[in-house]
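Participant: Residue-level listing of the chains:
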Amino acid sequence: MEIFGIPIQAFLGQLLLGLVNGSFYAMLSLGLAVIFGLLGIVNFAHGAFYMMGAYVAFVALDVFGLNYWMVLLIAPLLVGIVGVVLERTLLKHLYKIDPIYGLLLTFGLALIAEGMFREFFGVSGQSYPVPDLLQGATNLGFMVLPNYRAWVVFASLSVCLSTWFVIERTRLGSYLRAGTENPQLVQAFGINVPMMVMLTYGAGCGLAALAGVLAAPVIQINPLMGSNLIIVVFAVVVIGGMGSIMGAIITGVALGLIEGLTKVFYPEASNIVVFVIMAIVLLIRPVGLFGKEA
Amino acid sequence: MQTQQTTLTHKNHQQALLGLSICLALLIAAPFIGIYPIFMMKALCYAMFAMAFNLLMGFTGLLSFGHAAFFGAAGYTTGLLIRSFGWSPEMGVLAGTAIASLCGLGVGLIAIRRQGIYFAMVTLAMAQMFYFVFLQAPFTGGEDGLQGVPRGELLGLISLENDLSLYFVVLAVFVAVFMFVIRIVHSPYGQVLKAIRENESRAISLGYNVNQYKLMAFVLSTAIAGLAGSMKTLALGFVTLNDAHWSLSGEVILMTLLGGLGTFTGPALGAFTIIGLQNFLADQVGSWINVIIGVIFVICVVAFRRGFIGELKHWMTLRNKT
Amino acid sequence: MKLKKIISALSIAGLGMVGIHAQAQVSGDVIRIGFITDLSGLYADIDGPAGAEAIRMAIADLGGSVAGKKIELLVADHQNKPDVAAAKAREWFDTQGVDMLVGGTNSGTALAMAKVAQEKKKLFIAIGAGTSALTNEQCNAYTIHYAYDTVALAKGTGGAVVKAGGKSWYFLTADYAFGASLQNDTANVVKAAGGTVVGAVKHPLSASDFSSFLLQAQGSKAQILGLANAGGDTINAIKAANEFGITKSMKLAGLLVFINDIHSLGLKSTQGMYLTDSWYWNKDAETRAWSRKFFEKLKRMPSSIQAADYSAASQYLQAVKAAGTDDSGKVSAQLKKTKINDMFAKGGYIREDGRMIHDMYLMQVKTPDKSVEPWDYYNVVETIKGEAAFTTKAESKCASWK
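Protein chains in written order, with the numbering used here: chain A, 1 to 294; chain B, 295 to 616; chain C, 617 to 1018.
The shape of chain A in the complex, shown without the other chains (with noise of 0.2 angstroms):
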């Protein structure tokens, strides 16, 4: 059986890989979008933390031999100190003044991890086996699927959805959703603004970081693995608009189905669809898919 030509298993295989990649584009914009909601800055440095994520996965691994499991949660909160570091040092001296600077300093930052970690593990990247748990591959019919993507598109959904929820529908997610809007005032009703910011942006590195976790076993772990994906993200985000954190997700997992589609039709493009598609929805809706006018 075959649609537009391409028989059917090859159609939905591809549609299925797309669906992991879009995964992870959900998670990256999510994270990227909560740091842009409520600190005003785009964190440039998003895709650096990504490669840390996985990195520390490595090193966890290879020297203090701690399973992926442990990592998955260890990884995250270091690199979230990290961040929590970084912008109570060097960030928060830029939330009064134009948000470039805030793009360019997190640019530079990223430039700094990124020469460092080539210096300490080399371009060519580090291998991460697959967590036995997951080792193998289930036959669904139409194609072999192995274990953990699966397991990837489940975790970074769940991961998705509890912030969605946790920023959306609890009192801690209204705190600081206020606080984007009126620091004064939220401050005034005796909520610590500046702490919340700190920690939001350490949250949102501990999201890329466990991005780069779920990452590892899939990808080779190297250190330009963060900005060759930064930019596709920060399309992503044009496009889906960054008022809003649930378009971030259907966006992202949107635009990874559209990516698995063109990679069976006409796969030279498949690297530019993300722009293209970004430079329409520019001339026909300039806010983005789900943005909210300023």
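Hints listed in this document are in silico derivations from the structure and should not be mistaken for laboratory results. Here the structure is a predicted model, which means the values were calculated and not measured. Check the hints yourself; a few may be wrong.
Said to hold, decoys possible - Computed spacing ranges between beta-carbons, pair by pair: (1) C:949 with A:64: 53 to 63 angstroms; (2) A:268 with B:379: 47 to 57 angstroms; (3) A:154 with B:605: 31 to 41 angstroms; (4) B:455 with A:97: 44 to 54 angstroms.
Ideal placement from N, C-alpha and C gives every residue a C-beta, glycine not left out.
Starting from the known structure of chain A, fit chains B and C onto it as the hints suggest.
Facilitator: Quick look at chains B and C alone, frame taken from chain A:
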């Protein structure tokens, strides 16, 4: 956005002119006092690139994070036309500049629809798209780059094979661009751009078609960036994917920031500094150079936002007040 | 204002000091070898600093000087950027008096350096790069291509795998010039040997996720999956192929694989894979002896590139001795007269088009149980004679060799 108050009195004007003349004299003398002319040409081209960027960010307040795409687009055009189609150098450079402006128009039309930080992200994403096109297009030579671009003869008269002759051509173009940028900034058009940078809503309320002005500034900036890219192709004889990579976009931002955003000589100074650093340190420190660039970036953004010339100006105005 | 301009003028002049610092007297009594390779990036393991060490070993083995002149080695990192390589080469020729340039990995940089060397009329020996264009379209009197090239890889792996029964091929190709030429060269060989090319898919360079492309490969039902890519892409592709069970139904043919890649992937995922290389450390007593010396210094076994670095440097210096001068034209002529017999090649020689002709080896990766020590990864399946491995005169596109 940091603003530079440039109130030039007549005396200041004379001093500025004298200072610039000294710089020019040094640049003319450079190859004769033993400085490697290829290094100077490279620095001059990147200085032009930085000036193009400064026109957009320093004077209009628009951060383009994808300027390398235009630098590279012009470079590839020039390289291809001169090497494979036998065009003369001046036609090749003109064509490169034209193509870069066209690309700038296309990207600008899309990017202008968003402001501030979104504008930056869109330019970055569009530039990345250009990069991938260059990567896959057969005529660019992909990872290998476009090699062996001959220098030819300028206007069919002066052979550019000699490093020295080419150097003076590049220098002449650089000086022309420098004066052109000054002209634009001091023109009524330039004043509107400054007004847009300072307070866009007020400019709109005054009746200016702000988007049109911004678009024109963008296209102008990409044209000059393209000119820089074409000249660099001519000077060094090749174009590679690096010339369109986002890391170059970041570097030109750093050059401008380091030298002084919104000043005239700042970007050129920043370019010379960064190119000089890369040249000098590349042998010593290898790939630590990226870390060093990152550190300079961070320092600049946190503590040195005015850049060399900006700090100097600030110091001078403070001194004049007492 | 005036102060500001003076300060900026002085800083520009100060930076010019960099240029002056770089300028030195042109060499008279020193033989300077310049080595530009990837020291820190994708190919740093297969060549890199260890390659520089290999050249130093060659210099040391000749006593540090030849024909009464001291030998000096300059090393630089091109970071896989042709512009950096070309700029460095030009600067070295112009200001440092470099007599001979050795080119490490990455075809783009090699092509760039070859152009500069040709312009400056200095000898350039390309070692780590694969592009056969160096001795075809871009051939010139000053370029020598030493170790391997894409034609040899294609004829080796392509031809021999078809002979061994792998008749139907599907290519996974890196979407850039090198990948395309590797696929083309191999496809031609496969078809000439009676095999078929069922299909091909191009993946973006440095793709992190090969799953979708591999899925298409599997759907083709070909016997052999030809990996027309290199470095990190090859490693990622092999990892994914194992993960998706591709290796159960298809055999992998790595078109550009070095022993360091196998070391990094492990035998479990690469066992049974065919590849062609110009040298293997465990081939015979002589290679083993030299490799143990290398291992002592660098704690790992040499790749074919590093061995070629040693051999090329050694042969160049001996040619200088024989010719009595370091003039590139004369040394190049001397090199082309010499038969090369060392631990890298037996009965090797350099042709008029600059191509170094020597035997290539088709190898297969061992299964883990057959490997007796670390780095013992290959079985040599077949020795391919030099004349059969490289471009023949009839096929050659070198304008000056007709």
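Participant: For residue 154 of chain A and residue 605 of chain B, compare the CB-CB distance with the range 31 to 41 angstroms and indicate the outcome.
Facilitator: violated, 54 angstroms
Participant: Quick check on a hinted range of 44 to 54 angstroms for residue 455 of chain B and residue 97 of chain A, using CB atoms only.
Facilitator: holds, 50 angstroms
Participant: The hint says 53 to 63 angstroms between residue 949 of chain C and residue 64 of chain A; measuring C-beta to C-beta, is that right?
Facilitator: With Cβ atoms ~60 angstroms apart, the hint holds.
Participant: Return holds or violated for the Cβ distance of residue 268 of chain A and residue 379 of chain B against the range 47 to 57 angstroms.
Facilitator: violated, 25 angstroms
When the structure is compared with the earlier hints, violations turn up for hints 2, 3 and for no others.
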